[in-house]
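**Q** Keeping the supplied structure of chain R fixed, place chain U upon it in accordance with the hints.
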Amino acid sequence: MNQAPASISSDDHGHVLVVDDDPQIRLLVARFLQRHGYQVTGASDGRGMMDVLAHTEIDLIVLDLMLPGRSGVELCREVRATSQVPIVMLTARSEESDRILGLEGGADDYVTKPFSPRELLARVRAVLRRSRTARGLGGARASEFVSFDGWKMDMRRRELQSPSGTLVDLSTGEFDLLVAFVEHANRVLSREALMQFAKARASDDPFDRTIDVQISRLRRKLEADRNGWQLIKTIRGAGYMFTSSVRSHEGLPA
Amino acid sequence: MRRSLSRLFPDTVASRAILILVAALLAFHFLGYWAYRVGVEGLATAARDRGLAERMVSIKRAIASLPEAPDRDRVAHDLSSASLEVHWSKVSLVLGSAPQTERTRTMEARLKELVPDLAAESFRVGFADDGALEAGDADAYKHMMLVSVRLDDGSWVNFSSSALGATQHADWSVLAVTICFGVGIVVVALLLLSWAIRPLRDLAIAAERFSLDQTPQPLSESGPAEVRRAARAFNTMRERIQRLVAERMQALAAVSHDLRTPITRLRLRSELLDDDAARVMVDADLNEMEGMIDSTLEYLRGGVSSEPIRAIDIASVIETIVDEQLDQGQKVTLSGLSSAPVLGRFLSLKRAFSNIIGNAVKYGTNVAISIDETDGHLVVAVEDEGPGIPPSDMERVFHPFVRLEESRGRETGGSGLGLTIASAVIHSHGGRILLANRSSGGLRVTLALPKLDLESAQVIEAVRPHLRDIRESS
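If you read the protein sequences in the order shown, they are chains R and U. Numbering that gives the first Met the number 0 puts the first residue of the first sequence at 0, with every later residue one more than the last. Numbering that gives the first Met the number 0 puts the first residue of the second sequence at 0, with every later residue one more than the last.
Same shape as in the complex, but just chain R:
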């Protein structure tokens, strides 16, 4: 993690495999991702997906949970048995069981259907970035759990737990910001770098708040707990710095 670049390389594109039984959605997702610089291949079911994986170098899989024949969870497990290729799962909205199912199958992230294309793009970007960071370190996969000062983060479920044990709700943008901070702990992050992290979500939004507003909101939520004070420091003229010793875990933080 110390080797991770503080700025984001613009070349975060790659080859995405979209697995969905609906041909229209496959086509539309492909066109949308292509528009944002990704190379896209489609597959309608598990067999097609395995075929593509066998012959092509894939950087990320977008996998529908509800597939005819073998479910997305099964396929996810099967892929995980041989490969660490990041997977973003498409799950039904507000069905907590589906969400957990998807994550337990080994997916790195999930988007609830009907998803907004930007949401999907943001997830694809974030997961690719995390997996590349981890690969750069020689690690097989990005860490699932992170802890700092008694706080616990579940990267896959996108959950933050306070030192007192309560679940603290963060907006998508706030969570992404916190991930950026945690991944670059004790290093100064410029506003521009932080904006890059939150870019996918905020771009084109007429009501977009500046990164400072996002950070002040994140701070307020962290500071509701005793152990949340001064985690994010303002470095005048340079940006922000997250000051804490961050520990990553594959399993549950001790």
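A portion of the hints provided could be inaccurate.
[As the list claims (entries may be wrong)] Below are the SDA-like pairs computed for lysine to any residue, each with C-alpha atoms no more than 25 Å apart in a straight line:
| # | chain 1 | residue 1 | chain 2 | residue 2 |
| --- | --- | --- | --- | --- |
| 1 | R | 232 | R | 245 |
| 2 | U | 349 | R | 115 |
| 3 | U | 89 | U | 64 |
| 4 | U | 361 | R | 171 |
| 5 | R | 151 | U | 349 |
| 6 | U | 349 | R | 174 |
| 7 | R | 151 | R | 170 |
| 8 | U | 349 | R | 215 |
Simulated from the structure, these hints should not be mistaken for lab results. Given the structure is predicted, the values throughout are model-derived calculations rather than measurements.
**A** Frame of chain R; chain U shown alone:
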């Protein structure tokens, strides 16, 4: 009057059963007692009376055989016994003028019937005349009965017997035994009935607790045949309801899944549109459609949620919702506690607060939200400056698919499920939701949820399943 009577009337199965038992016991006892009196005692009395009558005849003959008056008197005394006193006198102690009552006639007939010898004799039956008879005292009939038999020389042998034709007094021991039996039966019946009625009580409790939220725990089919049958019927009914709900949910899930696919397509298509204004509007329509599907599904789910219960900082949830509204240009202020732990289901609670705050923003221009703590409860007050709710509609707005603005046009949209869902969620978390019109205009929605004491062991219990969950998944 009727009410006080019905209150006296036993209400529970046990008390009614005991009442029936005691009534049956009393009826049995008194009927038995009566049968005993009529049958056995009647025979015994007849035998005794016959004995007495025969003795009277023989005593009369013995006295008649003696010629001398002093001898007669002495023999009469000698032949007296405790049960039968005998006197000899010149006159009958039963006055000829003594009124013939029903009883004396019955007694006379009976004596003649029992001892045909006596029928040949001239005798009188009457009561010892102590003046009570003339006084018309009813008790006179209880006085000693006399029988006078005339000798050939015109003198009389008078017999008096307390046993003769005496009325039997109600036996108090019989009553005491009956009472003892009654008390015994009540005690035994109470014990047995509480045992016999337990399955019935369990059935009632199971019916009261019946909810689709919990995993079905079939009621044990034990106890008396009728209760077993009721329990079986109840289990069948529950299965049927659960199957029905499950089938509906499956159908709805299928429909909503089918709807999600075209909505997803539309979202992707709108993203590819070059006309920004059109895209924004299409997105807004899609959001509304999604919201309707979500809230309908949430309502039909009827509180059934697979979400785990965990410790949640509800303040952070409200902050996120408020920030979202602020980003959309709404005027919302938030004050009060910055940390508010509760135990609950995250998505459900977030939806409940989203609905309430969303409504306030929709109907009132400026919204003020405060989070406070009173009596172990976290109280969230959401105040708006909208039109409020007419007092007559305060109850109705919680009903599903009720939209008050129907009379004022449909510009605000919505499915009419927001408050229904919110109140179901808050209630399922042991909380309360209150609506009130503010004196300064606008509506105040007060939501109270039990605060989680983070120091207590409760939080460990609450968080543990979730932690285990994570461990298993990793």
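**Q** Against this structure, judge whether each hint is valid.
**A** Structure-based check of each hint:
1. 232(R) to 245(R): Roughly 16 Å between the alpha carbons, so the hint for residue 232(R) and residue 245(R) holds.
2. 349(U) to 115(R): Roughly 20 Å between the alpha carbons, so the hint for residue 349(U) and residue 115(R) holds.
3. 89(U) to 64(U): Roughly 16 Å between the alpha carbons, so the hint for residue 89(U) and residue 64(U) holds.
4. 361(U) to 171(R): Roughly 24 Å separates the two Cα atoms, so the pair holds.
5. 151(R) to 349(U): holds (21 Å)
6. 349(U) to 174(R): holds (17 Å)
7. 151(R) to 170(R): Judged against 25 Å, a Cα distance of about 16 Å means the pair holds.
8. 349(U) to 215(R): holds (22 Å)
Checked against the numbered hints listed earlier, the structure breaks none of them; every hint is satisfied.
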